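A.B. asks: As a plain string of letters, each chain reads:
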Amino acid sequence: MRGFQKPRLSRRTLLKGVAATAFAGGTVSIGDLVGASAQGAAAGDATITWGEDNDYATLDPRVTQSRHEAQAIMQMFESLLFLDTDGKFSPWLAQRWEYSKDGKSITFVLRRDVKFHDGTPFNGDAVKFTFDSVVDPKLGSQGAIDFLGPYKSTDVIDPYTVRINWTQPFAAALTNLSNPWLLSIVSPTAVRKLGNDGFARAPVGTGPFKFVEWVPRVRVVMERNDAYQWAPKVFKHRGPAAFKRHVIRIIPDNSTRVAALERGEIDVCDAVPPISVKQFQGTQSFDVMVGDVSGIPLAHLINTQAEPTNDLRVRQAYMYAINRPQITQQVFFGVAKPAFGPITPTTPGYWSGVEKLFPYDPKKAGSLLDEAGWKMGADGVRAKKGKPLEIHFITLLEPDLEVAVQAAVKEVGIKLNVEKVTKARQDELVMNGRYNIGEIRWVAVDPSVLDIPFQSHNIPAPGKFKFNWSRYGSPQLDQMLLHADGQIDAKQRAATLGEIQKYVLDRGLMFPVHISAQPIGFRKAVRNLRFAQGYWQVLFYDAGV
Amino acid sequence: MATYLLRRLLWTVPILFAATTCAFLILRLIPGDPVNLMLAGRPASEKVRDNLRAKLGLNRSLPEQYAYFVVRAVRGDFGQSFLTGQPVSQVIGQQLPASLQLAGGGIILGVTGGLVLGIAAGLYPNTLIDAGAMTAALVGISMPGYWTAMLLIYLFGLRLQWVPIVGSGLVALILPSVVFGSYAVGNLARLVRSSILDVRNEDYIRTARAKGLPERRVVLRHALRNALFPVVTMMGLLLGLFIGGGVITETVFARQGVGALLVNAIANKDYPVVQALILLTTTAYVFANFFVDIVYIFLDPRVRYG
Amino acid sequence: MGNEPAAVAAPASPVIARPRRDAGRGRLRRSPAAAVSTAVLVAFALGAALAPAIRPYDPAQMNTGPALASPGAAHLFGTDRYGRDVLSRILYGARVSLPIGLFAVAFSSVVGSLLGLAMGFFGGRIDSVGSGAVDIMLGFPPIMLALLIIAVLGVGLPNVVIAVGVGGVPRFARIVRGTTLSVRENVYIEANRALGAGVWRTLFRHVLPNVLPPIIVLATLYMGSAILDTSSLGFLGLGVQPPTSEWGTMLSEGREFMRFAPWLMFFPGVMVFITVVAINLVGDYLRGVLDPRLRGR
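Protein chains in written order, with our numbering: chain A, 83 to 627; chain B, 286 to 591; chain C, 2 to 298.
Simulated from the structure, these hints should not be mistaken for laboratory data.
All of these numbers come straight from a predicted model, not from anything done at the bench.
Built from N, CA and C at the ideal position, the CB exists for glycine as well.
A few chain A residues that don't get close to chain B, going by computed Cβ distances all over 10 Å:
| # | residue |
| --- | --- |
| 1 | Ser148 |
| 2 | Ser182 |
| 3 | Val294 |
| 4 | Asp308 |
| 5 | Gln311 |
| 6 | Ile357 |
| 7 | Val370 |
| 8 | Val372 |
| 9 | Phe415 |
| 10 | Gly435 |
| 11 | Ala454 |
| 12 | Gly515 |
| 13 | Gln569 |
| 14 | Ala572 |
| 15 | Ala607 |
| 16 | Phe613 |
DEER-style ranges, computed between Cβ atoms:
| # | chain 1 | residue 1 | chain 2 | residue 2 | range |
| --- | --- | --- | --- | --- | --- |
| 17 | B | Val580 | C | Ser129 | 24 to 34 Å |
| 18 | B | Phe576 | A | Ala309 | 47 to 57 Å |
| 19 | A | Asp195 | B | Lys332 | 36 to 46 Å |
| 20 | B | Phe576 | C | Pro33 | 35 to 45 Å |
Hey, can you work out the whole structure from these sequences and the hints?
C.D. replies: Given below as structure tokens:
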């Protein structure tokens, strides 16, 4: 082991070797690389591989509620219009659109040259079929149905003209309809042939990549759609994609996924753990792009129906007891920023007043708890009438963060029982109300995303998995949300949204913690990766090696 | 001999029966409505639920359900995964090759290592070689598999970079096989040593020595025969255990495999998969043991079983 | 019936732990390896018991130092990603990892021995049914049994103990049954019964002492597996919930930071390893002492 060097140095030396040998794809001569990237007779035959950190359950855009499934869906499906990260709309499957006078309908003129992957034509019938099926209870939509707003119907005026009608003006209409994750158009032929369940496992859309296979827990394979000619103008590339195969490898284990990127097993790495971000930045062959995700930040939803969090003072004490900037810095090594409001600063309608609410104040937390009758005990845990102050916290998304939160609230005498759960157990507990606090986050570019956690019809129940986990239903809040959804005038909308943000924080329904950061690690040889709206998913159409 | 084998074969029946019953009952022991689990929180009208209940057969009597379960199981139909909706047989089929690879690698390394150490110790008992081999064996059975795996990954994967950490090729199989086989090496080494020592004092060995044959040849030819018993048992054990036993190895190396699938299915309450895996595991284990018995008969026809 | 699982049949490794016969006096001198092992185990047990007094920091306290600090003066075993002191967490981890191994073995040995005693002594239907159940349980691969029990009962420490404990019951039952059977034939017992001594009296005063040695040996040997199995379940995330530390769980937490802070995985693993080695050496020694067949090898 002569000449043995510390890992950092030897990696760099080896990486230099990689660059020198032009995409050797591996750092060591002994290495068995599956799906060796960036090889093939011509660049056009290349495969680009994405390392995904989460497993998939469905690939149907109408059903999904997962930002991870969206990564695959977005390569295969498209929506009526395109919203770029700079906030501008441009034509996509629709060439132009027009609001009706009463603001309750939008007429879209569709492109005529678009075909689905199964060869059937894209037309007004497909649009109507898609949206009608989203609101159909039989489908079981967990995301799209909320994004469609107060949808009434779609009229097919002629094969390439449709008019979408809402029961009232829907301010988020264009923004949401530009979302290829949830409101993209599916092939009616395929759905009719395969059924909803079958379609979820073998999706058919209009996107630049078409579905080839999905081995659950292992990979999703897509291939270039050779008939693709209708890319939005924002992309540099025209026509079919520049590379042939797009593979998504599912590698939930963080260190394994990072190692896979280092060794060339994958070209792009999803969700690089914060501690590894520095490792890739500024090297010769790798780089990291970090997206600050907009929408709902990582937040805690507090159950107002279960003891002891049914007491407003307890909820507020919880919120005063946590030092968000400090915890965020500690847990994410500086890669993420703290959040103070139900929507992030980059989301339209953000009210900066939230930054003044609930600063870190353990003394205030203590006095609130005293007031509520919870007296500090000798063991450091507060108690009332012999019962200790225990709060049941279920964590699925960010257990590392919640362990830090647990330590923080212990200082004021709250015993936070953190339970690490799987999705199945989370769903079970949530639907039956057996929790005090749960986590939420949601990628979105429009403030109508607030409907998801706060609309009273989204309170979960057995058989109904929705996201109003604070279980707070007030007609007043519902009204405000509806009003904001329908308010086309930006200034008035912002005013209502400000009220909503103050309302939910004052009542301790939600405790925002940090803005999600999405660090994407990639080999520099892969060009033109582009964040989708919201800064979580990455679009591969433009990419090449 | 034939009666013995027949009796052993018959014994597999109640074991398999118990396994199927367990597998069948597991769905009903868990609190919660299986229909809810299958729907995973998707809103559904009463009609859809009734349809699902009928599809899962939950509206029939318990014995009837059991009969259907067994009949379908024999055909290889275990229903659909709650998680992905894929046919369970397909799900398991996709993960099986990786597990079999791991079992194969583990058996090869485990048996080789165990034999080498055990023979060395048996040939030179109470010497430094013996002590060294037995220390290695002790280490083998005392190391937690997950720790061995992590140490090996750190040493050979990260620091020395001799071996890839991820991947599904043959080279990537080396470290996991070492981990999977390490417990076997330890146990086998001790057993082989013991078998050889048992034989050394036997009369026929003394006779052979008296005839002037070289010691090593004598021991190896005769004692080894004796030592093959634990080897075969160990192989059978490893083969039969590869489903559940590979769990730790597959988890640490982030490999595909039925062990990881099982843990995942249990954590996600994917009961059709759990049921199928219980059956599969027990069947494999039972038949591996049975196979071992058959091999014993060929190894030593003198063996009489009670 | 069926084959003995190899793990239990593995005979002692007398080379290391063999009790040497003192030729002069004919007494058994203790093996140094076993003595050291016992001392180590006692030290660990003491450390666990006295943890609240001797720990340098509160194991759940965050930011006692910089996060992921390497072992040094202030933190002998370094710190984890939250700045928690690893040595303190290991001390407290012993309070979990050691007892659950102990309880699992206690469960297995008590339940299994009672079952075996009954089967061997009373024979008849009890024996048939019992043997059948034992063989069926042995037909299940061990980890599967443990995982199944967790699947039904849920995660958590008590369930881990039960899961691992249940797995050991059939082995104890079988061994105890065998020994009981041979002891039962003992003329002394027959005579006693002929004289009208009660069943229970016979069982406990005469049968049990003879059956005890193999139980002890098996219990010691099984203790090693119990600790390995319970920590494996902890590693899989099926044991304690945060912020409790347990050696297996600490290892799985440390995995992600392997390249930056290898001490996070080294120390908990070393603790499990040393504990199991010590237990195995003591077990080998006991077997050498208590199993007459192995003397002189």
